[in-house]
Amino acid sequence: MSGVSRTYAQERATGQTRTRRGTGTTGNPERAVRALADVSLHADRGEVLAVVGPSGCGKTTLLELICGLQSPDAGTVRSEPAALMPQRDLLLPWLSAVDNAALALRIAKRPRAQARERASALFAELGLAGFEEAHPHKLSGGMRQRVAFVRTLLSGKPVLCLDEPFGALDAITRAEMQGWLARALAREPRTVVLVTHDVEEAVLLADRVAVLCARPGRVVAELEIALPRPRARTDPAVVALRERALIALGLGGDS
Amino acid sequence: MRRGVLKALPAVLLAAVALGAWELYVDLGGVDPALLPPPHAVAAALWDNADLLWHNFTITAEEVMLGLGLALIGGFALGVAIHFSPLLRRAAYPHAVGSQAVPIAVIAAPLVFWWGFGIFPKLFVIALICFFPVVVTTVDGLAAVDPDQLKLLRTLDASRWQAFRFAELPAALPAALSGARIALAVGVIGAFIAETSTATTGPYAGLGHEIMADLNSLQAPREYAATAVLFLFAIACFYTLTVAERRLAPWTTRPGGDSR
Chain A
1 MSGVSRTYAQ
11 ERATGQTRTR
21 RGTGTTGNPE
31 RAVRALADVS
41 LHADRGEVLA
51 VVGPSGCGKT
61 TLLELICGLQ
71 SPDAGTVRSE
81 PAALMPQRDL
91 LLPWLSAVDN
101 AALALRIAKR
111 PRAQARERAS
121 ALFAELGLAG
131 FEEAHPHKLS
141 GGMRQRVAFV
151 RTLLSGKPVL
161 CLDEPFGALD
171 AITRAEMQGW
181 LARALAREPR
191 TVVLVTHDVE
201 EAVLLADRVA
211 VLCARPGRVV
221 AELEIALPRP
231 RARTDPAVVA
241 LRERALIALG
251 LGGDS
Chain B
1001 MRRGVLKALP
1011 AVLLAAVALG
1021 AWELYVDLGG
1031 VDPALLPPPH
1041 AVAAALWDNA
1051 DLLWHNFTIT
1061 AEEVMLGLGL
1071 ALIGGFALGV
1081 AIHFSPLLRR
1091 AAYPHAVGSQ
1101 AVPIAVIAAP
1111 LVFWWGFGIF
1121 PKLFVIALIC
1131 FFPVVVTTVD
1141 GLAAVDPDQL
1151 KLLRTLDASR
1161 WQAFRFAELP
1171 AALPAALSGA
1181 RIALAVGVIG
1191 AFIAETSTAT
1201 TGPYAGLGHE
1211 IMADLNSLQA
1221 PREYAATAVL
1231 FLFAIACFYT
1241 LTVAERRLAP
1251 WTTRPGGDSR
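So the protein sequences, as listed, match chains A and B.
Counting from 1, position 63 in the first sequence corresponds to residue 63 in my numbering; the numbering is continuous, with no gaps.
Counting from 1, position 143 in the second sequence corresponds to residue 1143 in my numbering; the numbering is continuous, with no gaps.
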């Protein structure tokens, strides 16, 4: 299962998210919410693993465990260094788009000009050319997400954790962004853990889909998506897999 | 430029109405002009004593600028230090609050004893009066940074200093600048307090001194003329800083005609 050349990000974690006011390292057990239970997942190097589930299934906790922002109360998390693309784009309003995208390079103490140059190169590829100096509040939601993605990509980390990257976008922009992400990953393959509540998005983008149930989050199904790319929403194989995932979520038979 | 004039119009009109009412009140015998001189007398005093008022204005303006500079640097530095050190917060914050209750007259004598009749005791007094709003707004501004932004910076392996430089400092800047504007507004009256509570060698050293001297020699129109200069100076300072804020923290002022 785990080879030398493989990313082996196994989750066997009973994660708990604590409310912010929990004190000390143990937290207040009465306020603790058990977010994940016996979740066992792995992603091979270069694989896109989608995690779908209803809200409250601990998806965000899972990503924070992989990125080392939380440590599990039980079990282990093993992963190569992972970068997080949070649900909110969290672009810094005082930096221009290109400076936001180059943030990881600046933090790595690269010279500013060089960092901006590398980010600008990706801007052109991702349809952001001409918006380098725009501040985030001047950008559309879809553009902000793309800038956030460039920022995540330029962190240079082999694993990308995408937390509902298109959840806040309207349906048309979301469809555009999905196509765009598929192309970006085809060009620059990374190990990706894509958290989403959109089953169709998962089937379109991922090599494998893990379906979680809520409170506490557990894996109820894992689907291999061995379909060629690019995939069409209307492809019968895509529709069938989407249906299987919905059934695993207990929502099947409505289409 | 024309838009700037239009924006100032309501304030100018309000001033005209208030001055007109004041003029009528005094002219109709509501009060002895020796106690409250009418605006036309103040305007005449302003004109007749322009050189003297200008001389004293430059002294007071220098005190305000330098004292305020000390307050901004000191207040901001203390705010940042308090943000980084909970121990310092517990140790210094209560005293910073308490310092605002100290009557300047009480400390004026030792200040003059240490630093003489020059500008230094005055700068200290102005800085003491001004620094507090800067400390409070800086501390609160630094604490108000979006915790998710800090979390994001952590995933990008930012050091404590980098989190400060990229997130906390710019996030706190608008609040700190608001503190600076409050400091500026109180800085002008701070200069008056500083001048009148610490002795000076020159006869007319600063507008505060002049106001007290005119008060004692029953020169009410000139006293009011000097006050008018202070009034206008505070307004000018305030708006200068507002313009500076637009340059230093442009992301906080989103122009109305935003294309989004």
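Hints are computed from structural coordinates only; laboratory data are not their basis.
It is possible that part of the hints are untrue.
[Said to hold, decoys possible] Now the in silico label distances, taken between C-beta atoms and shown as ranges: (1) A/ALA121 - B/PRO1250: 25 to 33 angstroms; (2) A/GLN114 - B/ASP1051: 53 to 61 angstroms; (3) B/VAL1102 - A/ARG112: 43 to 51 angstroms; (4) A/GLY250 - B/PRO1094: 55 to 63 angstroms; (5) A/PRO111 - B/ASP1140: 29 to 37 angstroms; (6) B/ALA1236 - A/ALA113: 50 to 58 angstroms; (7) A/ALA74 - B/ALA1077: 42 to 50 angstroms.
For every residue, glycine included, the Cβ atom is placed at its ideal position computed from N, Cα and C.
Each hint tested on the structure:
1. Separated by about 27 angstroms at the C-beta atoms, A/ALA121 and B/PRO1250 satisfy the suggested range of 25 to 33 angstroms.
2. In this structure the hint that A/GLN114 and B/ASP1051 lie 53 to 61 angstroms apart at CB holds, the actual value being about 58 angstroms.
3. The supplied range of 43 to 51 angstroms is met by B/VAL1102 and A/ARG112, whose beta-carbon atoms lie about 46 angstroms from each other.
4. For the pair A/GLY250 and B/PRO1094, the beta carbons lie near 58 angstroms from each other, so the given range of 55 to 63 angstroms is met.
5. Between A/PRO111 and B/ASP1140 the Cβ separation comes to about 34 angstroms, which falls inside the hinted range of 29 to 37 angstroms.
6. In this structure the hint that B/ALA1236 and A/ALA113 lie 50 to 58 angstroms apart at CB is violated, the actual value being about 39 angstroms.
7. Range check, A/ALA74 to B/ALA1077: about 46 angstroms between beta-carbon atoms, so the 42 to 50 angstroms window is met.
Checked against the numbered hints above, the structure violates only hint 6.
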